[in-house]
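Undergrad: Here the working numbering is used: position 64 in the sequence shown is 210, and no number is missing along the way.
Hints in this document: simulated from the structure, not taken from any laboratory.
Quantities reported herein were computed from a predicted structural model and do not represent experimental measurements.
Backbone N, C-alpha and C fix where the C-beta goes; we use that ideal spot for every residue, glycine too.
Treat the hints with care, as some may be off.
[As the list claims (entries may be wrong)] Pairwise CB distance ranges (calculated):
id, residue 1, residue 2, range
1, 215, 148, 17 to 27 Å
2, 268, 228, 31 to 41 Å
3, 184, 156, 44 to 54 Å
4, 154, 184, 18 to 28 Å
5, 268, 215, 10 to 20 Å
6, 160, 247, 47 to 57 Å
7, 237, 176, 44 to 54 Å
8, 154, 291, 52 to 62 Å
9, 217, 261, 18 to 28 Å
10, 184, 220, 48 to 58 Å
11, 171, 150, 47 to 57 Å
12, 160, 237, 51 to 61 Å
13, 219, 248, 33 to 43 Å
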Amino acid sequence: MTRVEALVAAVAYMIVTMLLLAGILARELFSFSIWGVEKMAVFAAIYAAFLGLALASASNSHLRPQFTDGWWPERWRPAVARLGDLLSALLFLWLGVLAARYVIDTHANDARSMVIYWPLWAIQIVIPYACFSSALRHLAFALEPALKPAPDIQG
Numbered sequence: 147m148t149r150v151e152a153l154v155a156a157v158a159y160m161i162v163t164m165l166l167l168a169g170i171l172a173r174e175l176f177s178f179s180i181w182g183v184e185k186m187a188v189f190a191a192i193y194a195a196f197l198g199l200a201l202a203s204a205s206n207s208h209l210r211p212q213f214t215d216g217w218w219p220e221r222w223r224p225a226v227a228r229l230g231d232l233l234s235a236l237l238f239l240w241l242g243v244l245a246a247r248y249v250i251d252t253h254a255n256d257a258r259s260m261v262i263y264w265p266l267w268a269i270q271i272v273i274p275y276a277c278f279s280s281a282l283r284h285l286a287f288a289l290e291p292a293l294k295p296a297p298d299i300q301g
């Protein structure tokens, strides 16, 4: 799952780059605009960003308040980490349900983007996916802490 998400996110970033570069080259070298190129780049960036959320969950590299690390006795830390993952799983599950309901409403109303007139649900579908993917990972980490990668602490 992680490899596919990383591949799709990388492709989305490449699409963003190619679209923006094509728009700039067309405008600066040939004095014309490519219709909708900026909107398409934004949509590709949305995919990359939300897949990045799922990838951050998979690699245990979310931003977190490290100043709280010393608040708990050493023997409590594994239990606190499991509780944190369980709460994260519940939060992502709740956000995923809300996002899914939003996408369903968008689809039912046949909402479309301005300029390029694409159906918005096709763009928004990545939001509940990323939330459910992150919820599943945090639940797995809560149930089996050995699956959770060590945090990549940079400072």
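Undergrad: Please go over all the hints and tell whether each is borne out by the structure.
TA: Hint-by-hint comparison with the structure:
| no. | hint | result |
| --- | --- | --- |
| 1 | 215 x 148: 17 to 27 Å | holds, 26 Å |
| 2 | 268 x 228: 31 to 41 Å | holds, 37 Å |
| 3 | 184 x 156: 44 to 54 Å | violated, 21 Å |
| 4 | 154 x 184: 18 to 28 Å | holds, 21 Å |
| 5 | 268 x 215: 10 to 20 Å | violated, 41 Å |
| 6 | 160 x 247: 47 to 57 Å | violated, 32 Å |
| 7 | 237 x 176: 44 to 54 Å | holds, 48 Å |
| 8 | 154 x 291: 52 to 62 Å | violated, 28 Å |
| 9 | 217 x 261: 18 to 28 Å | violated, 50 Å |
| 10 | 184 x 220: 48 to 58 Å | holds, 52 Å |
| 11 | 171 x 150: 47 to 57 Å | violated, 31 Å |
| 12 | 160 x 237: 51 to 61 Å | violated, 31 Å |
| 13 | 219 x 248: 33 to 43 Å | holds, 42 Å |
The earlier numbered hints that this structure contradicts are 3, 5, 6, 8, 9, 11 and 12.
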